[in-house]
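Asker: Chain residues, written in single-letter form:
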Amino acid sequence: MAAHLSYGRVNLNILREAARKELREFLDKCAGSKAIVWDEYLTGPFGLIAQYSLLKEHEVEKMFTLKPGRLPAADVKNIIFFVRPKLELMDIIADNVASEDKLRTPRDFHVLFVPRRSLLCEQRLKEKGVLGSLINVDEYILDLIPYDGDLLSMESESAFRECYLENDQTSLYHTAKGLMTLQALYGTIPQIFGKGECARHVANMMLRMKREFAGCQTQILPVFDTLLLLDRNVDLLTPLATQLTYEGLIDEIYSINNGYVKLPPEKFAQKKQGEGEKDLPTEPKKLQLNSAEELYAEIRDKNFNAVGAALSKKAKIISAAFEERHNAKTVGEIKQFVSQLPHMQAARTSLANHTSVAELIKDITTSDAFFDNLTVEQEFMTGVDTDKANTYIEDCIARKDPLIKILRLVCMQSVCNNGLKQKVLDFYKREILQTYGFQHILTLNNLEKAGLLKLQTATRNNYPTIRKTLKLWMEDANEQVASHQFYVLQKAEYVPVCRPTSTGQQGENRITLVFFLGGVTYAEIAALRFLSQMEDGGTEYVIATTKLINGTSFIKSLMERLEVPP
Amino acid sequence: MAFVTASWNPLGEAFYRKIELYEMGWNLKEGLRNCQIAAAPYGGPIALLKEPQRSSPSARPQLEIYTSSGSPMASFMWKSGVVKQLGWTISDDLLCVQEDGTVLVYDLFGSFKRHFSMGNELVQSHVLEAKIFHSPYGTGIAVLSGAYRFILATNIEDIKLRRLPEVPGLQGVPSCWTVLSQDRQTKVLLATGADLYILDNTACTPVSPSGFSPQATNIIQVAGSFSYKYLALFTDSGHVWMGSANLKEKLCEVDTKMRTPPTQMAWCWRPKSQQPSVVIMWEKYLLFLALVVLNLLFGYNLDNESVLVPELDSVRIISGTHHELLQEVPVVSEEIFKIASMAPGALLLEAHKEYEKESQKADEYLREIKEQDGLGEAVKQCVEAAGYEHEPETQKMLLRAASFGKCFLSNFRPEQFVSTCRDLRVLNAVRDYTVGIPLTLQQYKQMTVQVLIDRLVYRKLYPLAIEICRYLKIPEYQGVSRVLKHWACCKVQQKEEADEVIARMVSLKLGETAGISYSDIAARAYECGRTELAIKLLEFEPRSGEQVPLLLKMKRSQLALSKAIESGDTDLVYTVVTYLKNEMNRGDFFMTLRNQPIALSLYRQFCKHQEQDTLKDLYNQDDDHQELGNFYVRASYQEGRLDTRMSCLQNAMDEYNKAKNEFNAKATEEEMRLLRFQRRLEEEKGERMVGCSLQDTLHCLLIVGLHKQAEQLYKDFRVPDKRYWWLKLNALAEKEDWEEMEKFSKTKKSPIGYLPFVDVCIKHHNKYEARKYVSKVTPEQKVKAHIAVGDLEGAAEVAIERRNEGEISLVLSHCTATTDRTIVDRLNRTRATAGKK
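Chains as they are written, first to last, in full-length UniProt numbering: chain G, 1 to 566; chain Y, 1 to 837.
Here chain G stands alone, though its shape is the one from the complex (with noise of 0.2 Å):
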C-alpha cells in the first residue's frame, strides 16, 4: 500500500512502519469497541499514515468530527479524542465529556495528543473537572510524515506564520524533535548545515536534545550525510513565483492536499460503449499524486510544456504493448502476456487520468490571464523596472481580481527590487485598502513584519547584481530538458552548500536530508530532483519540510481573518 516509500535511496517506509506500530499499540490500550473522535485538521495527515481499515481492525467502530455540544450516539466502549494540543479543542472535549448522558451506560474516554501531549492543555482539562473522567491521555509522536519516496512533511501550516509573525518556536521544536525520531532510526547524521534564524535555533536545539539522551543512540550506520536545514525567509521569491512544473501546476491551479487533489470531474467522464453521455458525474474527482504511479513519477517534475510530449510518447508505448498480443502465439507467450495485463491497464488509466489533467492545465495556460501574470512575474525577475508601480498590478486591482494574487505580484516585486520606494508601496498599499477594504491593514503589516513587504532603504538593489553573479535567470532555457527553477538558489551565502561539492568516493551517492523551515514548493523538490539525477553531481537529496506551499497558501497563511461585522 505504501510501497512507493521505498522505493528511494531512503527507505521512508521504516518510518511509517514505526508510526503505524504506535498508533496501533495505543489502540490496543483501550480494549473493546472505539469510537475516534477527530479534530479534523489531522485526519488529513492521518491518512498518510493509516488508512480506515487498520483501525478497523483494531475495532474502531465509528468516527466522528469533534464539535461542541453533545456526542453522537455510538454503541462502543470506548471514545477515544485525536486532537493537537490546542485549548481551544480542550473546551470541546470537556463539554463532549461532561454532556454525556449519565443514563446510558457508561463509555470509557480518552484522549490522545498530536503530536504531543502538554501540560497546559492537561491544565485546562483538569480546571474544566474531566481529567479525571479520562482514562488514558497519550500522545502520538507524529512530527515528520512520510509523504513520498524522498519527501517528507510535518504538515503544520501555520509554522512559517508562527515562526516569523508570532515569535513562537513551537514548530521549531516539533522539527527538532522530528529528526531527533528520524536520527534514532536512520542513524545519527554527522553534518549539519543551516542558513537562517530559525536554522540555527532548530541546530542548536538537536545538540541539546543529542547530549539530553547521550548514551541512548542506536548504533545504527548513518543513512544520510547531511542534514541542511534552510530558513524559508532566506528565499522568499520562489514560492511567489508561478510553478510551472506539471505538479506544480496541479497545485497551484487545484492545489494538493495530503497528497490528494480534486478535480473538476467533466473531463474525467466515462465513456462506456452505448450508454450515451448524459450523466456526466457532479462529485469532483479525487486522485492521488505520488511515485507510486510510474507515469506520474517520470512527468512530475517536468516542465508543463514537456509534458504533452510525454504523454504522447507513453501513449504510443502503451498500445504497442497491447498490440503485442497479436504476436503472441504459443500458449507461453499469451500467459506471459497476460500476467502483464493488470500492470498495463493500470497504466492505461493512469494515462488516461493524466491527460485530462493536462488538458484542464493547458486551458489554463494557455488563457491570456496566465500569460499576462507570467510575463509580468518573469520581467520582476528580469528587474525591469521594478521600482515604479506596475501598470498590471494596477488593472488586475481595478478589475478587483483575487487579493491573493495582487498580494503575490506586489510581494514578489518587492522581494526582486529589495524593497519598494515610499511613494510606490504607499500606492499599493492604499490601492488595496481602498479596493479590498480597510480590514486588510493587518494583513498589509503581517506581509512587512514577514520581509515580503518592505521599503527600500539601502540606496541600491543588489537583486539585479545577485542574479547575474550567480546566473540564477537563463535566457533561454531549454524547457524541454530542465525545470523552470533556475532561480531557486537564490542568495549567495548557500548555493555552494546547495551545489553538490562532495568530494565523496567515486559510485556512491552521498545522501543530504535537505529540510525547509517554513515551507517548501513543487518546484522547489522538483529541483532537488533534479539535482538528484545529473549523474556527476555525486550527492541524492531527500526533502523535508514543515508543510508544502505554494504562493496562494503562502500567503493565505499569513493573512488576517478579520471579519465585517453585520
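No lab work stands behind these hints: they were computed from the structure.
You can take every hint at face value.
Straight-line distance between alpha carbons at most 27 Å, and here's what the computed BS3-like set of lysine-lysine pairs gives:
| id | chain 1 | residue 1 | chain 2 | residue 2 |
| --- | --- | --- | --- | --- |
| 1 | Y | Lys553 | G | Lys128 |
| 2 | G | Lys454 | Y | Lys608 |
| 3 | G | Lys405 | Y | Lys763 |
| 4 | Y | Lys763 | G | Lys267 |
| 5 | Y | Lys722 | G | Lys400 |
| 6 | Y | Lys660 | G | Lys388 |
| 7 | G | Lys400 | Y | Lys776 |
| 8 | G | Lys400 | Y | Lys763 |
| 9 | Y | Lys722 | Y | Lys784 |
| 10 | Y | Lys666 | G | Lys421 |
| 11 | Y | Lys722 | G | Lys388 |
Knowing the structure of chain G, use the given hints to seat chain Y on it.
Answerer: Below, chain Y alone, put in the same frame as chain G:
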C-alpha cells in the same frame, strides 16, 4: 563423578532431581510452623509473619524478611491490622493484604512505601481470602469478600478495581479457587463441591473438565501452571485431574490413594519438556511427594515442614533448615550422565577425563566420536548441559570437556560457548550465599539481565550490579547509569551527611555518565525534605526540560522559567508562565516576562486567543503603539455598533500616530471618513453600504445611479483616474447603460485607453457597442480590438499595415482555413515578403 546421578529419580520417560541450594542461614526455633510465609518466584526474597508466642492481646506478630539463602534483611514488629495474605510484586516489594481490604506495601528492607485499598466495602465485609498473582500486566491481587464476591486488581501499579459477577448460589467460602490469566483477560476459577465456575468480567460460567471421573464430591485443591496454560485439580477421592487451563483437554487423571487434603500442590514442568508433572505436599512431618505421569508415582520424605515455590521450570522447596530445587533432569544432562551412555557428549566427557589423566584412552574416545561424526554435537551437548548445572565444579568439568572437543573442530561457532560461560559467571555470582538469588539459566533468560540488575539494585548490591553491567558490556544508559542513579537516590536519604558532601559525592561518582537523570535524584532529595540539596543536584541535569517541574514544586519559578526557555519546549514555557501568573502579582509578573522575550511572545499568543484585555495591558506596558493600533483595529471588527467601532478606530489612529506610522494613521482616518459617509448615505438614501470597501461603495453608487455622490467620493478619496474609469466602465456595462458609457468615453481622453471599452462590451455580449470604440484604440492594441469584435479582416488590415510578425501570427491563429481563406493568403504573403527583407 558418579554422584551427579545420585539424586536422580526415574519417573516415566524422565528423571527428576533434587538439588540442595542452600542450608538456610536463618535460625527459626519453630521451623515454619505458626507463621505465614511468602517466597517470591525467580529466587526472590522470603517474608515470614510469625504469630506471637504468647497469646496475650498486646502481643504482636513479627514480620521478617530474608533472602533465599535465609540471610536476614529486615525484621520488625507488625503493628497494623490482621494480615490475610503476604506476597511479593515483580519489583520485589512486599504486599500485605489486611482483613479490612487495605494493602500495605513495603520494600525489601521493610520500609513502608505506600498503601491502597481493595475497596471500601471490605472494611465492613472483610477479606476472607486473598491471592497475589503475576501476569503480563504486572502483579495483581484477587480477594474474596465476606459477601462472597471476588474483587480483582490486575496491576497494583495502576489500580483499577473490578468487582466480578456474583456466583449464583454461593453461600460459603469456595472449597478452592485460583486466578488464571488467559486471552489477555484475568479470570477466577473456583470450585464449590464438585462444581467448577469461571468468573470473568462479565459472567459466571459453570464449566466441567473434560473426562473428569465422577466419583468425587468435592474439589479441594486447584493449581494453575506457571504460565497459566495448565491446571491440576485434586478431589476428596484422592484423584488428580491434569489438563489444559480451559479444561477442554485432559492430560491424565491419577489416583493418589490419599484422602487427606494436601497443603499445597504445584506444577513442576520445564517448558518444552514432554512430561507434565505435579508436586503435591501433605502437611505434618511427613511429606509425600507425587510426580504423576501415566499412573506412576514416587515420593520423597521430607523431615521438616516445608513450602513449595513454583517456578518457571521447577519447584523450590523451602523448609526450616534447607532450600532445595526439584526439577526434571534435562534431556542433555541425562544423555551425558546416564550410566553407560554412548551419547557423543558423554564420550567427550570421558575423553577429556582420560586426557587429564594423560591416558591414551582419550584418543580412543575421540576417535569413536569422530567415527559417528558427532564431535560438534558432543561439544554442543557439553556446553548446554553445563548451563543446567548448579555446582561450579560440574559446570567447569563440562565446559573444559567442551573446550577440549572444540580444539578438534575447524569451523565451530564459538557464540554458544562464550555466552554460556558468561551467563554462568553471572549466575554463580548471584547464586552465592551472600546474594541469595538461586536462578536457573532458563529463569535468568526469561527474566532478562535488566530485571536481574534491578533486583540487585533493590537489594542495594550496587558494586555487584555495576560489575555485572560492565562484564556483560551493557550500554551505559541501560546498565551502569541506572545502578548509579539508584545508588545516588539512596545516598541522598542519608540524613547524617551534609548537602555539599552528598552533592559532591554524587557528582564525583556519576560525573558525565550517559543517561543519568539527575532530576530523579533531586526529586528524591526534595521528597526527603532536602530542597537545597535538590537544587544543587539539579544543576548537574543536562535536560533542562526535566528540571522545570521540580523547580516549580520547590518554588524556584524564575529559574524554572529560564530552564523551560532553554529546553525549547514551548509547552513547558507556557506551563511555567501560567504558574507564575497565578503566583505573582500582575506588576511583577509583567516585569518577569519583559526580561524573557520568548516567554513574553508566547504569552501574547495565549492572550490573543484567551485574554484580550491582558494583551492590551502588555502592549501598553511596552509602549508598543504599533501593536496597540493593530489591537484596536482588530477590536473594531468585533464591535457591532458603529459608534463603538468608530471610537476603536479613533484609538487605533491615535496609536498609529504615536507609533509614527503615518500611512496607517491616515488609512484609519480615511476608513472613519468612509464609514461616516456610508452612514449618512444609509440614512438619506436607504442604501446599505456600511462596512463595504471604497471600491464597492463606488460601484454600488454607480449602479444605483448616484453619480454625484460617486463623483464626490472619487474626489474626496483621491481615487486614481485609471481605477475610477475601470470602475465606472464596469458598472455602466453591468447596468447596460450604453448611452451613459458613450457619454463617459467622451468626457476626456481615457486614462485606460479604449480597449477595455471594447472588451467590456464584448463581455456583456454587445458587439454593436463594442465596434464604436475600435477606432479609438491605440495602434498597438488595434489588432486585439478587431479580433475581439470578430472583425478578422480589419485585424488583418492593421497587422499588415504595421508589418508586425507577432500580430500577423495572432490573427492567423484566429483564422480557420476554410472560411477565411483570402485573409490567410494575404497574411502569409505579407509575412513572406517581410521575411525576404
